[in-house]
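K.L.:
These are the residues of each chain, in order.
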Amino acid sequence: MYIVLAIFSLTALGLTLGLVLAAAARVLKVESDPLVDELEVMLPGFQCGQCGHPGCRPAVEALAAGRATVTLCPPGGPALAQRLADKLGVVVDGDSLADPDDRVAWVREENCIGCTRCFKVCPTDAIVGAPKQIHTVLAEACIACGKCLEACPTECLQLQRPKTTLHTWRWPKPRLHWEGARAC
Amino acid sequence: MLVQSLAETVRKLGRELRIRGGVHAEGRKTATAGQPIAMALPLPERFYIPLQQHIGQPAEPVVGIGQRVRKGDLLAHSQGMLSAPVHAPTSGTVIDITDHPAPHPSVLPIRTIIIEADGLDEAPKPGVPIDPMRLDPGEICARIGAAGIVGMGGAAFPSAVKLESARQRRVHTLLINGGECEPYLTCDDRLMRERGAEIVDGIRLMLHGMQAPRAVVVIEDNKPEALRAMADAASPFPQIGVVEVPTRYPMGWERQLIRYVIGKEVPADKLAADVGVLIHNVATAYAVHRAIRHGEPLIRRVVTVSGGAVAQPVNVEAPLGTLLSELLRFCGWDPARTARLVIGGPMMGEAIPHADVPLVKGVNGLLALSPEEVASAEAQPCIRCGRCVTACPVGLLPLEMASRIRAGRFDGAVDYGLRDCIQCGSCAYVCPSNLPLVHYFKYGKGILAARQKLQEKTEKTRKLAEARQSRIEREKRERKGAAV
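Residue numbers (our numbering), protein chains in the order written: chain A, 1 to 184; chain B, 1 to 484.
Hints may contain errors.
Partial pick of chain A residues on the chain B-facing surface, computed with a CB cut under 8 Å [what the hints assert, rightly or not]: (1) V41; (2) M42; (3) F46; (4) P75; (5) G77; (6) P78; (7) K120; (8) E140; (9) W169; (10) R170; (11) P174; (12) H177.
Worth flagging that the hints you see were computed from the coordinates, not collected in a lab. Just so it is clear, CB atoms sit at the ideal spot from N, CA and C, and this is done for glycine as well.
Bound conformation, chain A alone (with noise of 0.2 Å):
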């Protein structure tokens, strides 16, 4: 007879804390690395794909589980890699900072044929242009990411560095005679 009640009881006893551990899971779930969201929030979200992952997540998933740098975002520039390093406690090395890329796509108006395919993959509306008429690079609003390159069929694309003015003029480095004449 207490061999009955002690199988009963327990069977009960399980039972009720398999549910209230199945119910745990559902209601406190966590849904995601807390870490990796706080990094995707950082990141631009172009989804441009230009460190080589699929995507913005997908880059701060392999970020917080040690498989890229905090250089890995070239739209993010050097400001977000300095971020990313103080976020995540790791020091960033210096030269790999120094000159924050400006360049940006630029189209050869003699090559484009006015297919559209270059506005239609780039994230951040920075080509304007319509059918059978020449596109053209609102540099303000390029990022540099690429797709554009990619996408247009006469390669009449190409990134480059924008003309330098007196507003964005700005002094080289010092070069020491001991530091050897390093391109930079």
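Let chain A serve as the given structure and place chain B on it in line with the hints.
P.N.:
Same frame as chain A, but now just chain B:
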């Protein structure tokens, strides 16, 4: 008697202690200080008037190509809150509005109005003189703004904006900067000696415009003649004082002046107006006098032309828009002996690759330095002697900032105060290793500015990307809706 002189000595010592850092740079002012301002510059054939000679928005042209203009006519009006107009320096014809090299170390092009002079130097008839002291203070500021007056000590900040905000913030003291602490430069010195009464009149007009009770003219003790001239000119006006300050570069830096004269430290993130002080240059005061009393906009200025490659170094009163090469030729320039061309003084001025750029409002000096004057030994590694720390008037650690910038750690340099550096060059001047310290700081500040720009761009483009995403999703939903 003895007690009195002792107390005076102690007081003087106490004041001296207020000066932080600085260097005793060799003056090299004797070549030009003894000669009167030269006014005989032959009228150039062409004038080049850049549309931006000031901090802020560039001016917008109101003249067309082929139009005839008279001396003092408006060429381009200011646009936006922070801007200044430009005027015709002589009579002639506008022959082009195009890109022309700017007086800047890069000599990159800037939009410039080019005037061919007709040689008549014809000005419109002056208006009826009025008593400006009875004008509304706001009207004084408006006239100063309309005359295109900007800070003529080098910063080129629109003067009317400064005066207007000083009135609104109830600034109590106007400091007039006659320090002229840069070696070689004597244009302010000569102006004070020769036109003291006009400067004092300009100061009174500025005081009226900003509604402040007192002004103090500050002059370094290496200019006793200017000090006497200004004291004489200011003696009828009890609200204007003249103060002698020790000669120590960079005494003319506004925070150093305030520290010495007022005895207050302007916090790093605050402005001079926050301690109740406004600073203007003596040349600016003179320009205000010309504008209000004579209706003459800012179309000429006194500039020091000096250096070892110049045969007759002198201060020249020249129309704005004159090519610097013409100024140099007037003073007997020998291009073959020129090792470096500098606009401004040797400490804070900037080297330019050629002199085919125009004279603009903020240029107070033009130096053609000979090889002997620029000779400097090769740079050596830093020995951490700390002389730059003693010399820094801001109280920064130049060696630490430079080593961080060299390693690409710009945020580290910012932690050491890179943003507060005024690029006065005191650290590089005393460095026994000849390290290009100021160059590092200019480079570092450029990188910070570029980063700031990139971050602003990223924030903007991020919004664009989000807008595109939501548009694509909406289109998808609409297509689904249409299919059902």
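K.L.:
Confirm or reject each hint.
P.N.:
Results of checking the hints against the structure:
For V41(A), the shortest C-beta to C-beta distance to chain B is roughly 11 Å, which exceeds 8 Å, and the interface hint is violated. The restraint placing M42(A) at the interface with chain B is violated, with a minimum CB-CB distance near 11 Å, outside the 8 Å limit. Of the supplied interface hints, the one on F46(A) holds, with its beta-carbon coming within about 5 Å of a beta-carbon of chain B, less than 8 Å. With a least beta-carbon distance of about 6 Å to chain B, the hint placing P75(A) at the interface is held under the 8 Å criterion.
Because the beta carbon of G77(A) sits about 5 Å from the nearest beta carbon in chain B, less than 8 Å, this interface hint is met. Interface hint status for P78(A): upheld, as the beta-carbon distance to the closest one in chain B is roughly 6 Å, under 8 Å. A least Cβ separation of about 10 Å between K120(A) and chain B goes past the 8 Å threshold, and the interface hint is therefore violated. For E140(A), the suggested interface contact is upheld, since its CB lies about 7 Å from the closest CB of chain B, less than 8 Å.
Evaluation of the W169(A) hint against chain B yields a held restraint, the C-beta minimum of about 5 Å falling below 8 Å. Contact between R170(A) and chain B, as hinted, is supported at the beta carbon level, the nearest pair being about 3 Å apart and thus within 8 Å. Look at P174(A): its Cβ gets to within about 4 Å of chain B, closer than 8 Å, so that hint holds up. Residue-level restraint check for H177(A) holds (minimum Cβ-Cβ distance to chain B is 6 Å; threshold 8 Å).
The earlier numbered hints that this structure contradicts are 1, 2 and 7.
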